[in-house]
Amino acid sequence: MKHTLSVLVENRAGVLTRVTSLFARRGFNIDSLAVGPTEDPTLSRITIVVSAEDTPVEQITKQLHKLINVIKIQDLHPAESIDRELVLFKVNAAPERRHEIIEIANVFRAKIIDVGRNSLTIEATGASDKLQAMEDLFRGYGIKELARTGKIALSRGSRDS
Amino acid sequence: MSERMTGAQALVRSLELEGVTTLFGYPGGVALPIFDALYDSAQVHVLLPRHEQAAVHAADGYARVTGKPGVVLVTSGPGATNTITGLANAYMDSVPMVVFTAQVAQSVLGTDAFQESDITGITLPITKHSYLVRNPDDLAETIREAFLIATTGRPGPVLIDVPVDVSKAEFDFVWPEHVNLPGYKPTVRGHIKQIKQAAALIAEARKPLLYVGGGVLASGGWKELKELAELMQLPVATTLMGKGAFPEDHYLSIGMPGMHGAKYTNFAITDTDLLIAVGVRFDDRVTGKLSAFAAKARVIHIDVDPAEIGKNKTVDMPVVGDAKQVLAGLVAELRKADAEPRTEGWMNAIDDWRRQFPLHYLHNTEEIMPEFAIETIQRITRDRKRVITTEVGQHQMWACQYIHVTEPRTWCSSGGLGTMGFGFPAAIGAQLGAPDHLVIDIAGDGSIQMNSQEMATAAINGLPVKVVVLNNGYLGMVRQWQELFYGHRYSSSTLAQDCPDFVKLADAYGWKGYRVSDPALLEATLREAFDAEGPAIIDVRVVREECVYPMVAPGGSIDEMLGGVPGGPVSDMLDDDLIKEVWE
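Sequence lines, in order, name chains A and B.
This note's numbering puts the first sequence at residues 1 to 161.
This note's numbering puts the second sequence at residues 1001 to 1584.
Keep in mind the hints are simulated off the structure, nothing from the lab.
Remember, it's a predicted structure, so these values are computed and weren't measured experimentally.
It is possible that some hints are incorrect.
[To be verified] Below, in silico cross-link-like pairs of lysine-lysine (DSS-like), each with a Cα-Cα straight-line distance of 27 Å or less:
#  : chain 1 : residue 1 : chain 2 : residue 2
1  : A       : Lys111    : A       : Lys66
2  : B       : Lys1296   : A       : Lys2
3  : B       : Lys1296   : B       : Lys1311
4  : B       : Lys1385   : A       : Lys72
5  : B       : Lys1311   : A       : Lys62
6  : B       : Lys1226   : A       : Lys66
7  : A       : Lys2      : A       : Lys72
8  : A       : Lys130    : A       : Lys2
9  : B       : Lys1193   : A       : Lys62
10 : B       : Lys1196   : B       : Lys1311
11 : B       : Lys1223   : B       : Lys1185
12 : B       : Lys1296   : A       : Lys66
13 : A       : Lys90     : A       : Lys66
14 : A       : Lys2      : B       : Lys1311
15 : A       : Lys66     : B       : Lys1313
16 : B       : Lys1193   : A       : Lys72
17 : B       : Lys1296   : B       : Lys1226
18 : A       : Lys72     : B       : Lys1223
19 : B       : Lys1311   : A       : Lys66
20 : B       : Lys1226   : B       : Lys1168
21 : B       : Lys1068   : B       : Lys1223
22 : B       : Lys1223   : B       : Lys1336
23 : A       : Lys62     : B       : Lys1512
24 : B       : Lys1223   : B       : Lys1193
25 : A       : Lys144    : A       : Lys111
26 : B       : Lys1512   : B       : Lys1311
27 : B       : Lys1289   : B       : Lys1193
28 : B       : Lys1168   : B       : Lys1196
29 : B       : Lys1068   : A       : Lys72
30 : B       : Lys1385   : A       : Lys62
31 : A       : Lys66     : B       : Lys1336
32 : A       : Lys62     : B       : Lys1336
33 : B       : Lys1336   : B       : Lys1311
34 : B       : Lys1512   : B       : Lys1385
35 : B       : Lys1226   : A       : Lys62
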């Protein structure tokens, strides 16, 4: 089962290493990882997606808590959180097929951000299933390159304390 | 108020303000500014060992005996990497320690400069926390934080890497009023609701048992533990790390559980209906096959580290908190409820097992049995103020079985990491921390050679430690496993009883050296060595192929023990099916 951990850490050198090496050491594979600053410049948020059962995730969460630079950890439940990911697709697009691809992009509310002689680059954000659906469609045309940011997530507004 | 000084001076001043009086240090290139500053300190006494690893083990022994953090200073590169084993050992056994490593100048950091090593990177998994100090202005705050982190919550080693440009820089030193660690808030006080519920479980249990470890010693909670045990008449099993948390000559003490625990201890754990685990981590050497460990019991687990709760064993009643405070809370709750002990029948059952299955060995008038040697040490030193340290191996397990520790912080043994070479430097640190105690390192002929260079340190610094070498000419525990599980194929486990000649080695270092092989002369020789002025080593020639029994085969259930039946030959004790099962 996939877990999305939102880890609030002090924005200091080496903190990301401490977090990721802990996962490696305890035998966890990280599916995706995204790091960036928060509303407070002294803090960063690391969003980590891992596939594991509940008990090992509880253990890794407790171990993460022991890191001095970790302030707070949330195991975000899908129903109580929102998550997004940004993907860039560079898709094979001969001039005669461009409009099909643009249509698909429009359906998914994605943006065309670069047009090449034989390719289109599309920016899409959304939840994982939507991005997966796009990827499946574009694969029919040939995906030349693909980059994903990894998932970022927050708990829903109704969960504010 | 600020004062102009160098980073190195600030470091030393900070140590003084933290109350440090003893530092274990080995100098080298980029550490020189700090050693130069130490030269002026009237407060901080520097002990110079002969190897950085020994510096860390000595600091470890010092910390275990005094309860104060051990402090180490070494140079960069090899100096720093030589601390690794010591750090890992202290981390596994939760020993408070602050280790300073000097580092190359920041201008060349990351260029593979001479004697550069990424020590904060290397030690990431074996330190509680670590710092690379980038700016002298951060030094004092970093040091305050490091001491706080090392000594609170679950203690552990903290490393501070100090580039030489930081220790050379001049700046305005200010001692920070307080530290701010937003991510570090150990839960010390147990949740009152959980304590009440735990107390209720204890009050109603028919066969309760306390399983206690190093956490009780770290928290200073031995008085509270004794109160609880006596109030409810609870049998107490102390782990290797917990020795000294409860007096082992007490009628409620049932010894050490686990792989080499006595049968009665393991039977009691197997049969208990309420396991009260305090400051322990359900280590595999204690539990054996986890599913069979205390399988009939409900489990209360008290630990300051929430990550230990439920890590190995499912727990019915977790209490996160400092052992001392939680134990005091339990005593208060039980008193309030006028709880009465209900364990008379239970204690009788355990005593029956104790009579049926005592620790035992075959007596021998020709040669010295290793167990007899340890028993003799126990008998002739039990009434003295003493500290026992051990190395790792068979002698360590026999010491666990036959040395009865009655005072807290008088026992130092490498538990989690199992570090050969720990005991002797730890004895040096222990002697510094407890100058009026008789400090004895119980060693094997393998282990002692891992740090025997420290004989110079003891001699030069007038530290009268005694090293008893149970010399069987083998890596005894390795040989035992090879005998039991590898068809007597003694691959690379044979040493030589005569090499080195420990008496001559003693002479070379200005120690007293003794050798004894006659059981009739053992006691007199040990007495003479223990009473001699200055350090002494006693080469005790023991029966070469003795095994530590009882023994739980690795991965086996702890009530299925090999050996431990008085009079039975070893070959009868082996259960081939069990061994096969374990190894397949």
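Each hint tested on the structure:
1. Between the alpha carbons of Lys111(A) and Lys66(A) the distance comes to roughly 42 Å, so the proposed pair goes past 27 Å and is violated.
2. Between Lys1296(B) and Lys2(A) the CA atoms are separated by roughly 34 Å; this puts the pair beyond 27 Å, and the hint is violated.
3. Of the pairs offered as hints, the one joining Lys1296(B) and Lys1311(B) holds, with about 19 Å between alpha carbons and a cut-off of 27 Å not exceeded.
4. As the CA atoms of Lys1385(B) and Lys72(A) are separated by approximately 47 Å, the hinted pair breaks the 27 Å bound.
5. Proximity of Lys1311(B) to Lys62(A) is assessed by CA-CA distance (about 10 Å); at most 27 Å being required, the pair is judged to hold.
6. For the hint pairing Lys1226(B) with Lys66(A), the CA-to-CA distance comes to about 30 Å; that exceeds 27 Å, so the pair is violated.
7. For the hint pairing Lys2(A) with Lys72(A), the CA-to-CA distance comes to about 20 Å; that is within 27 Å, so the pair holds.
8. The suggested pairing of Lys130(A) with Lys2(A) holds, with an alpha-carbon distance near 17 Å, which does not exceed 27 Å.
9. Between Lys1193(B) and Lys62(A), the direct Cα distance comes to roughly 21 Å. Compliance with the 27 Å bound is thereby established for this hinted pair.
10. Straight-line distance between C-alpha atoms of Lys1196(B) and Lys1311(B) comes to about 23 Å, which keeps the hinted pair within the 27 Å bound.
11. With a CA separation close to 26 Å, the supplied pair Lys1223(B) and Lys1185(B) stays within the 27 Å bound.
12. A threshold of 27 Å between alpha carbons decides the hint, and for Lys1296(B) with Lys66(A) the separation of about 32 Å lies outside it, so the pair is violated.
13. Between Lys90(A) and Lys66(A) the CA atoms are separated by roughly 42 Å; this puts the pair beyond 27 Å, and the hint is violated.
14. As the CA atoms of Lys2(A) and Lys1311(B) are separated by approximately 20 Å, the hinted pair is consistent with the 27 Å bound.
15. Taken as a hint, the Lys66(A) and Lys1313(B) pair is honoured in the structure, with Cα atoms around 20 Å apart against an allowance of 27 Å.
16. With a C-alpha separation of about 24 Å, the suggested pair Lys1193(B) and Lys72(A) falls inside the 27 Å cut-off, and the hint holds.
17. Using a Cα cut-off of 27 Å, the hinted pair Lys1296(B) and Lys1226(B) holds, with the two alpha carbons roughly 25 Å apart.
18. At roughly 35 Å between alpha-carbon atoms, Lys72(A) and Lys1223(B) are farther apart than 27 Å, so this suggested pair is violated.
19. The straight-line distance between the Cα atoms of Lys1311(B) and Lys66(A) is roughly 14 Å, inside the 27 Å bound, and the hint therefore holds.
20. For the hint linking Lys1226(B) to Lys1168(B), the alpha-carbon distance of about 51 Å lies beyond 27 Å, and the restraint is violated.
21. Between Lys1068(B) and Lys1223(B) the alpha-carbon distance is near 19 Å, which keeps this suggested pair within the 27 Å criterion.
22. With a C-alpha separation of about 19 Å, the suggested pairing of Lys1223(B) with Lys1336(B) holds against the 27 Å cut-off.
23. For the hint pairing Lys62(A) with Lys1512(B), the CA-to-CA distance comes to about 51 Å; that exceeds 27 Å, so the pair is violated.
24. Restraint check for Lys1223(B) and Lys1193(B): the C-alpha separation of about 23 Å stays at or below 27 Å, so the hint holds.
25. Our distance criterion of 27 Å between C-alpha atoms is met by Lys144(A) and Lys111(A), whose separation comes to about 17 Å.
26. For the suggested pair Lys1512(B) and Lys1311(B), the alpha carbons sit about 48 Å apart, so the restraint of at most 27 Å is broken.
27. Note on Lys1289(B) and Lys1193(B): the hinted pairing is violated, with a Cα-Cα distance of about 32 Å set against a maximum of 27 Å.
28. A hinted pair counts as satisfied when its Cα atoms are at most 27 Å apart, and Lys1168(B) with Lys1196(B) does not qualify at roughly 56 Å.
29. Taking the CA atoms of Lys1068(B) and Lys72(A), the gap is near 30 Å; set against the 27 Å cutoff, the hint is violated.
30. Between Lys1385(B) and Lys62(A), the direct Cα distance comes to roughly 41 Å. Violation of the 27 Å bound is thereby established for this hinted pair.
31. As the CA atoms of Lys66(A) and Lys1336(B) are separated by approximately 35 Å, the hinted pair breaks the 27 Å bound.
32. With a C-alpha separation of about 34 Å, the suggested pairing of Lys62(A) with Lys1336(B) is violated against the 27 Å cut-off.
33. Note on Lys1336(B) and Lys1311(B): the hinted pairing is violated, with a Cα-Cα distance of about 32 Å set against a maximum of 27 Å.
34. Among the hinted pairs, Lys1512(B) with Lys1385(B) is consistent with the structure: their alpha-carbon atoms are about 21 Å apart, no more than 27 Å.
35. For a cut-off of 27 Å, the pair hint linking Lys1226(B) to Lys62(A) is broken: about 31 Å separates their Cα positions.
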